[in-house]
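Residue numbers (this note's numbering), protein chains in the order written: chain A, 1 to 317; chain B, 1 to 504.
I should point out that these hints are in silico values taken from the structure, not numbers from a laboratory. It is possible that part of the hints are untrue.
One-sided and incomplete, this derived list gives chain B residues near chain A with beta-carbon spacing under 10 Å [stated by the list, open to error]: (1) R85; (2) I96; (3) S100; (4) E102; (5) R123; (6) I292.
Label pairs and their in silico Cβ distance ranges [as the list claims (entries may be wrong)]: (7) A:T254 x B:R149: 20 to 26 Å; (8) B:G118 x A:Y189: 19 to 25 Å; (9) A:A130 x B:P14: 26 to 32 Å; (10) A:T11 x B:R85: 45 to 51 Å.
We treat Cβ as the ideally placed atom computed from N, Cα and C, and that holds for glycine.
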Amino acid sequence: MKVELIDTTATTVRNELTRMCQQMGGLTTGVVLNLVIMTDEGDQYDAMRAATYAGREHPCQVLCVIARGGKRPRRLDGEITVGENMPGQMLLLRIQGELNEHVDSVITPLLVPDTPVVIWWPGNAPLAPADDPVGVLGQRRITDAAANEDPGNRLLELAAGYRPGDTDLAWTRTTTWRSLLAATLDRPYPAILEAAVTAEADNPSADLMAAWLAKRLGVPVHQEVSAGPGITEARFVTGDGKIVIGRPDGRNATLSRPGEPDRFVALHRRETAELLSEELRRLDPDDVYGETLAELAVAHQTTENAAGAIGLGEAGP
Amino acid sequence: MGNPLRDPRDRRIPRVAEPSVLVMFGVTGDLARKKLLPAIYDLANRGLLPPGFSLVGFARRDWKDEDFARLTYDAVREHSRTTFRDEVWQQLRDGIRFVSGEFSQDAAFDRLAEVVAGLDIERGTGGNRVFYLSIPPGAFPAVVSQIERSGMSKEAPGWRRVVIEKPFGHDLTSARDLNDLLASVFAPHSVFRIDHYLGKETVQNLLALRFANTLFEPIWNRRYVDHVQITMAEDIGIGGRAGYYDGIGAARDVIQNHLLQLLALTAMEEPVSFAFDALRAEKQKALSAVQIPDDPATGTARGQYAAGWQGGMPVPGFLSEDGIPTDSRTETYAAIRLGVDTRRWAGVPFYLRTGKRLATRMTEIAVIFQRAPHLPFNATDAKELGQNALVIRVQPDEGVTLRFGSKVPGSAMEVRDVNMDFAYGESFTESSPEAYERLLLDVLIGDPPLFPGHEEVELSWKILDPIEEFWSASGRPEAYSAGSAGPACADAMMARDGRAWRRL
Numbered sequence: 001m002k003v004e005l006i007d008t009t010a011t012t013v014r015n016e017l018t019r020m021c022q023q024m025g026g027l028t029t030g031v032v033l034n035l036v037i038m039t040d041e042g043d044q045y046d047a048m049r050a051a052t053y054a055g056r057e058h059p060c061q062v063l064c065v066i067a068r069g070g071k072r073p074r075r076l077d078g079e080i081t082v083g084e085n086m087p088g089q090m091l092l093l094r095i096q097g098e099l100n101e102h103v104d105s106v107i108t109p110l111l112v113p114d115t116p117v118v119i120w121w122p123g124n125a126p127l128a129p130a131d132d133p134v135g136v137l138g139q140r141r142i143t144d145a146a147a148n149e150d151p152g153n154r155l156l157e158l159a160a161g162y163r164p165g166d167t168d169l170a171w172t173r174t175t176t177w178r179s180l181l182a183a184t185l186d187r188p189y190p191a192i193l194e195a196a197v198t199a200e201a202d203n204p205s206a207d208l209m210a211a212w213l214a215k216r217l218g219v220p221v222h223q224e225v226s227a228g229p230g231i232t233e234a235r236f237v238t239g240d241g242k243i244v245i246g247r248p249d250g251r252n253a254t255l256s257r258p259g260e261p262d263r264f265v266a267l268h269r270r271e272t273a274e275l276l277s278e279e280l281r282r283l284d285p286d287d288v289y290g291e292t293l294a295e296l297a298v299a300h301q302t303t304e305n306a307a308g309a310i311g312l313g314e315a316g317p
Numbered sequence: 001m002g003n004p005l006r007d008p009r010d011r012r013i014p015r016v017a018e019p020s021v022l023v024m025f026g027v028t029g030d031l032a033r034k035k036l037l038p039a040i041y042d043l044a045n046r047g048l049l050p051p052g053f054s055l056v057g058f059a060r061r062d063w064k065d066e067d068f069a070r071l072t073y074d075a076v077r078e079h080s081r082t083t084f085r086d087e088v089w090q091q092l093r094d095g096i097r098f099v100s101g102e103f104s105q106d107a108a109f110d111r112l113a114e115v116v117a118g119l120d121i122e123r124g125t126g127g128n129r130v131f132y133l134s135i136p137p138g139a140f141p142a143v144v145s146q147i148e149r150s151g152m153s154k155e156a157p158g159w160r161r162v163v164i165e166k167p168f169g170h171d172l173t174s175a176r177d178l179n180d181l182l183a184s185v186f187a188p189h190s191v192f193r194i195d196h197y198l199g200k201e202t203v204q205n206l207l208a209l210r211f212a213n214t215l216f217e218p219i220w221n222r223r224y225v226d227h228v229q230i231t232m233a234e235d236i237g238i239g240g241r242a243g244y245y246d247g248i249g250a251a252r253d254v255i256q257n258h259l260l261q262l263l264a265l266t267a268m269e270e271p272v273s274f275a276f277d278a279l280r281a282e283k284q285k286a287l288s289a290v291q292i293p294d295d296p297a298t299g300t301a302r303g304q305y306a307a308g309w310q311g312g313m314p315v316p317g318f319l320s321e322d323g324i325p326t327d328s329r330t331e332t333y334a335a336i337r338l339g340v341d342t343r344r345w346a347g348v349p350f351y352l353r354t355g356k357r358l359a360t361r362m363t364e365i366a367v368i369f370q371r372a373p374h375l376p377f378n379a380t381d382a383k384e385l386g387q388n389a390l391v392i393r394v395q396p397d398e399g400v401t402l403r404f405g406s407k408v409p410g411s412a413m414e415v416r417d418v419n420m421d422f423a424y425g426e427s428f429t430e431s432s433p434e435a436y437e438r439l440l441l442d443v444l445i446g447d448p449p450l451f452p453g454h455e456e457v458e459l460s461w462k463i464l465d466p467i468e469e470f471w472s473a474s475g476r477p478e479a480y481s482a483g484s485a486g487p488a489c490a491d492a493m494m495a496r497d498g499r500a501w502r503r504l
């Protein structure tokens, strides 16, 4: 069932939603979380698709807030979808004019009570998500550094504004890699002297994975640039040779260990929908992400200082 | 040395199995095709199997590796839970081997040992092996002694684990024999007895429900609970299992393992941790406190399905099934009233029932609470109010129901039972893995809490053996028509206690 409301208010939207749910037999009960998507007309389609997919694992009320730019009069348009081939319910809110400054006043009355709130910015996100008027409503705030024009710098911003509950899809993208790397070290291995991460240029996931490895292993981690896609190689240099996971095609990886035949591992790049599903699986703060961001910021500071002291810019990550 | 990349706080990185070889006996069976092989693929697809994981099939067929890979591929395509990905299949395919032979052939097992040792070198499986015996228990001695003879059971390097499926014997003596046999070759902590019910999310959720909340534990005792009903009803008949089922019956097939495990989890005290010995200790305590009825004639009931209509289809009676002798006295329905003699449960009956060809397929644990001591309503107002109940639905519609009285809207004060529902299907839909996925992963990781220990198995037989003995001396089970809720004697058993079964 779908209803459109033009030039409306949050109260009207809520009443209409209640009426629709009652008519369809009280669907609100199955909702386990509120997912607020802060987006624009351009990203809206993909974001909603991802949310619908994730909704199969986590039935949610999706509140998709579309900011409409330009000089327009203040207006709120709503589109409510309930039970159309998806669990939960979907609200599409188009916002224009000065209302853009007060989005939180539209969102707050529409949240399902007693249910966690997750805010997701698929594209541009506030400098410090937790200080944003909408960001404070969520216990989990999902950004995507890769959507930024300067992802490396964006990570530093996120590090500066980090609060428990923040998370970033660039970090989520590293999970399968990190899981494989961790599995590699479940077996006895020679002492690791250094490590390296290779990825296409400006890949924030590679920055995060390198920082994570540096933090956990306490060895120098180099970053190298390849043609991609995404992260193409991770390498541990040990006293006995190299342990290498290479993934040149974004799908299939090869694991090589000294003295053993190469092994084939499936390691495909995941779509946004899968990333979002992973994000929604846990709603408590991701401390390891926080630590990794902090490590990244410290490493950056050290490089800056070193460059400043010597007076020449070292090759950046 | 711990793995520096692992951190308990890093919940995104899943528990991944160690590189190992899974040697499967009985690969052509239904269970292997419908559950085990698809579960292996699903684990791989979720990134939970390490690179190098290898699967070796052993069977009588004159097959090559490709044939077994083909069987696995078909099983995966047909039955896997997660989407099919070529690259994941390729990763699995690289580690698939097949060894053809009889259980009696030394040469075949020597070949198996060679193949497995070869995989250690080729795929870096480090000597870790799991032997999955998906075969009739009659074949266990042959296979176990072959595993030992061919040197495959020696620990070092790497570990050895063995997985067996129910039945774990057919009485106390045979269960002990089986355990002695396994213990002669494998260390006790390496024997994993699969009870797939314990891999179900809802069953594990019973532990969360009881021990993570403040709401239920205070009323989880004789002061508030009137009785507990644990039901596993099946709508199917015995199918092709006549050879196994005749002489075994419903109680040995289901009550001994599944239902008594569910009883133990419901009745046990809080374990000090979820480590396996802590959990097993509590389950053992609960099972050792179980009392069977003084008079089995009034505290138990048996039935055998006769021809009838089941879900709109005429179905044959048990005695007309292929392979069942026409004078078989095997029960296809069994109900038992048990007590748990502890301070918590003294005087609270636990009713267990299971049966085939019943009206529907359903497994649940229902904790039925006492009636309120006083109702400040007119007698007619609360006439339709039943007893409060907390129902853990194990299958098919996994979830939890809380049943309580509520006012019927309207000008009159009328109280009627309503349900408050938590459904897994709605709330955590696709993240719910199959029981076998969970259990296989636990075996590969070496995490045993969800597997019953041999002490529990023996305690269960101690409960069931005297009842079986009584039954074998007391004539034929009562007939019930297929598609019904069971024999009349089972209803009479409840009626004598002033209670009734929950509707199936």
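Report task. Would you pick out the hints that fail for this structure and give their numbers low to high? Result -> 2, 3, 4, 6 and 7
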